[in-house]
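Asks: Listed below, chain by chain, are the residues.
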Amino acid sequence: MEYEISLATTMAISVLFALSLNMITGFCGQISLGHAAFLGVGAYTSGILAKAGVPFLLTLPLAMLLAGALGVIVGFASLRVRADFLAITTMGVGFLFVGIVRQQDVLGAEMGISAIPDTDMSKLAFMLFAVAMAAATAVLSAYVRRCWMGRVFAAIAEDEDTVRVMGIDVPSFKLTAFALGTALAGLAGGLYAQHLKFIAPDSFGFIESITVLSMVVVGGIGSVIGVTVSAAVLSVLPSWFQVIGDYKLLVYGGLLFLMMRFSPGGMAALVTRVFHPDRWGAK
Amino acid sequence: MLFVELIAQGLIQGSIYALIALGLTLVYGLLRILHVAHAAFFTLGGYVGVMVANQTGSLAAAIVAAMIVAGIGGILVFRLCYQPILHQPPFVPLIASIGLYIAAEELFRIIFGPSGLTYGYAFLQGQVVLFGSLRFKLAEIAVMLGSAAIIGVLSLLQTRTRIGVACQATVSDPQMAESFGISLRRVGDINFFVGSALAAFAGVMVSVLNNLVEPTMGSVPSYKALAIIVLGGLGSVRGTLAAALVLGVVESFGTVYLGHFLDRNAIAFAFLILVLMWRPQGLFARSG
Numbered sequence: 001m002e003y004e005i006s007l008a009t010t011m012a013i014s015v016l017f018a019l020s021l022n023m024i025t026g027f028c029g030q031i032s033l034g035h036a037a038f039l040g041v042g043a044y045t046s047g048i049l050a051k052a053g054v055p056f057l058l059t060l061p062l063a064m065l066l067a068g069a070l071g072v073i074v075g076f077a078s079l080r081v082r083a084d085f086l087a088i089t090t091m092g093v094g095f096l097f098v099g100i101v102r103q104q105d106v107l108g109a110e111m112g113i114s115a116i117p118d119t120d121m122s123k124l125a126f127m128l129f130a131v132a133m134a135a136a137t138a139v140l141s142a143y144v145r146r147c148w149m150g151r152v153f154a155a156i157a158e159d160e161d162t163v164r165v166m167g168i169d170v171p172s173f174k175l176t177a178f179a180l181g182t183a184l185a186g187l188a189g190g191l192y193a194q195h196l197k198f199i200a201p202d203s204f205g206f207i208e209s210i211t212v213l214s215m216v217v218v219g220g221i222g223s224v225i226g227v228t229v230s231a232a233v234l235s236v237l238p239s240w241f242q243v244i245g246d247y248k249l250l251v252y253g254g255l256l257f258l259m260m261r262f263s264p265g266g267m268a269a270l271v272t273r274v275f276h277p278d279r280w281g282a283k
Numbered sequence: 001m002l003f004v005e006l007i008a009q010g011l012i013q014g015s016i017y018a019l020i021a022l023g024l025t026l027v028y029g030l031l032r033i034l035h036v037a038h039a040a041f042f043t044l045g046g047y048v049g050v051m052v053a054n055q056t057g058s059l060a061a062a063i064v065a066a067m068i069v070a071g072i073g074g075i076l077v078f079r080l081c082y083q084p085i086l087h088q089p090p091f092v093p094l095i096a097s098i099g100l101y102i103a104a105e106e107l108f109r110i111i112f113g114p115s116g117l118t119y120g121y122a123f124l125q126g127q128v129v130l131f132g133s134l135r136f137k138l139a140e141i142a143v144m145l146g147s148a149a150i151i152g153v154l155s156l157l158q159t160r161t162r163i164g165v166a167c168q169a170t171v172s173d174p175q176m177a178e179s180f181g182i183s184l185r186r187v188g189d190i191n192f193f194v195g196s197a198l199a200a201f202a203g204v205m206v207s208v209l210n211n212l213v214e215p216t217m218g219s220v221p222s223y224k225a226l227a228i229i230v231l232g233g234l235g236s237v238r239g240t241l242a243a244a245l246v247l248g249v250v251e252s253f254g255t256v257y258l259g260h261f262l263d264r265n266a267i268a269f270a271f272l273i274l275v276l277m278w279r280p281q282g283l284f285a286r287s288g
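Protein sequence lines correspond, in order, to chains G and B.
Heads up: the first sequence begins at 1 in the numbering used here, then just goes up one per residue.
Heads up: the second sequence begins at 1 in the numbering used here, then just goes up one per residue.
Incorrect hints may appear among the rest.
Unchecked claim - Restraint ranges, calculated between C-beta atoms of paired labels, are given here:
#1 B:148 x G:197: 29 to 37 angstroms
#2 B:264 x G:121: 56 to 64 angstroms
#3 G:262 x B:183: 21 to 29 angstroms
Said to hold, decoys possible - Facing chain G, according to a computed beta carbon distance under 7 angstroms, are these residues of chain B, among others:
#4 98
#5 159
#6 164
#7 230
#8 277
Since the hints were made in silico from the structure, they are not lab data.
In this text, a Cβ means the ideal position worked out from N, Cα and C, and glycines have one as well.
Sequences and hints are given; from them, build the entire structure.
Replies: Set out below in structure tokens:
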């Protein structure tokens with residue numbers, strides 16, 4: 001049972017993390033290749049505070065706050081550069097985060113932070129808490145997608161210039177998307193640190209950013225259900241099949257490539273194509 | 001003397017970057033794709049090079065073989081992977097390319113093993129002393145001269161031959177070029193062949209320099225080359241060359257003076273972000 005609980009916790013954290021990227025890349029169309037940096041900010045904030053004696057539940061809002069604040073700063077970059085340039089800039093942010101953390105003794109440098117103290121929660125309670133957080137994020141995502149703000153996000157993703165011409169304040173919507181998405185990534189990071197009890201800079205590098213991006217892309221960019229399912233499945237696949245565990249990156253890389261090459265809309269588009277052929281192609 | 005030495009080391013590193021980034025620029029200029037998988041040909045070049053060199057004992061044969069194999073691989077990637085998704089929004093080929101690169105890196109690891117291969121012969125390991133007291137490996141000199149020669153020949157070909165002019169025309173206006181009878185597919189083939197061959201040349205030279213070929217040797221150059229073509233203003237060949245050399249020098253100074261605060265890769269990207277915030281169109285691009 002112990003193992004299943006741990007697996008379910010990993011799954012919930014991955015779903016939460018993938019949904020947070022979906023907020024930025026899926027809804028608002030701002031590609032980010034450095035999203036793991038915000039998972040890292042959350043994890044380090046929560047881990048260090050917990051070691052300093054702050055109760056775990058109190059570290060989470062602080063982790064969200066710091067990740068969200070840094071996210072807004074990176075969001076400013078999205079006002080200055082677009083598309084390909086933004087992809088490279090966010091990738092740079094990811095490398096910058098790892099590069100800085102690696103050299104700071106305060107943050108444990110290469111060795112990272114270990115022995116993060118336990119919470120009062122049992123393993124089972126922590127798993128349920130993580131699942132509840134992921135579910136809440138899914139509900140929030142579904143709500144954001146339907147509300148006025150979500151529609152502006154979608155419009156920005158579709159054609160930013162037209163939205164601007166219509167007199168909508170594009171920068172503040174973009175910054176909101178970044179703030180929301182990165183704060184949620186910070187929350188995922190806090191859970192991650194508490195779950196593993198150990199964090200090191202390499203856990204938040206480029207590969208992690210690509211992994212989460214592949215979860216979003218495979219699920220279907222912008223689709224809440226698609227992203228939830230694909231994050232849940234992809235996060236546990238390596239543990240279920242040892243073969244996949246050994247060739248994890250080959251499978252991720254291959255999936256990412258094949259998905260883009262043959263179905264850029266991801267699983268969500270595939271499902272639509274199979275079950276609602278009449279709807280497919282309308283967009 | 002440290003000052004001169006740092007500049008020299010920076011220029012050597014910069015010319016390696018330039019070789020890799022040139023292929024990326026060619027591809028970006030033509031197709032507007034950030035071709036991350038390009039660095040797989042850098043690694044492929046290293047592997048083909050070390051295998052041919054150890055079989056034949058000739059570095060020249062190794063370089064030629066590596067360039068040809070990578071060049072053909074480049075054409076295949078263009079035809080099979082990119083051409084069918086060119087009409088998609090830009091993030092689609094970008095993500096496909098990242099997936100392709102990650103899968104390729106894993107394939108190298110699975111096929112050739114994680115620990116890497118070394119040369120059975122000592123190529124260009126001699127040392128020379130230049131300008132009084134600066135010591136260089138012969139391989140370092142060869143990298144610099146080789147890059148300069150290749151880039152010189154390429155720029156001549158681009159301006160003096162019909163196909164070179166056709167490539168330039170296609171970059172500046174694909175539709176107009178096509179209506180003048182230029183085959184876009186052929187120009188794409190040539191760009192991918194040349195770009196991948198250059199990356200393979202860089203791969204052989206770097207592996208000679210370090211006497212090591214390993215599956216992950218392409219990962220840092222691949223992302224750094226992206227930073228370089230962005231700095232150079234995406235698609236501009238001259239800008240890319242300048243940016244590669246500038247980044248090489250910035251890094252070699254940065255590791256000495258900022259090393260305790262940032263690692264080498266972070267310096268490159270910090271520089272990139274600073275430049276982009278100041279000039280979003282890149283360091284060496286004309287605005288607008």
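Asks: For each hint, tell me whether it holds in the structure or not.
Replies: We went through each hint and held it up to the structure:
Look at residue 148 (chain B) against residue 197 (chain G): about 53 angstroms separates their beta carbons, and that is not inside 29 to 37 angstroms. One distance hint, 56 to 64 angstroms for the beta-carbon pair residue 264 (chain B) and residue 121 (chain G), is violated here, with the actual separation near 41 angstroms. At roughly 26 angstroms, the beta-carbon separation of residue 262 (chain G) and residue 183 (chain B) lies within the given 21 to 29 angstroms, and the hint holds. Evaluation of the residue 98 (chain B) hint against chain G yields a held restraint, the C-beta minimum of about 6 angstroms falling below 7 angstroms.
With a cut of 7 angstroms, the hint placing residue 159 (chain B) at the interface with chain G is violated, because the nearest CB-to-CB distance is about 27 angstroms. With its C-beta approaching chain G no nearer than about 26 angstroms, residue 164 (chain B) sits outside the 7 angstroms limit, and its interface hint is violated. Contact between residue 230 (chain B) and chain G, as hinted, is supported at the beta carbon level, the nearest pair being about 5 angstroms apart and thus within 7 angstroms. With its C-beta approaching chain G no nearer than about 6 angstroms, residue 277 (chain B) sits inside the 7 angstroms limit, and its interface hint holds.
The structure fails to meet hints 1, 2, 5 and 6 from the earlier list, while all remaining hints are met.
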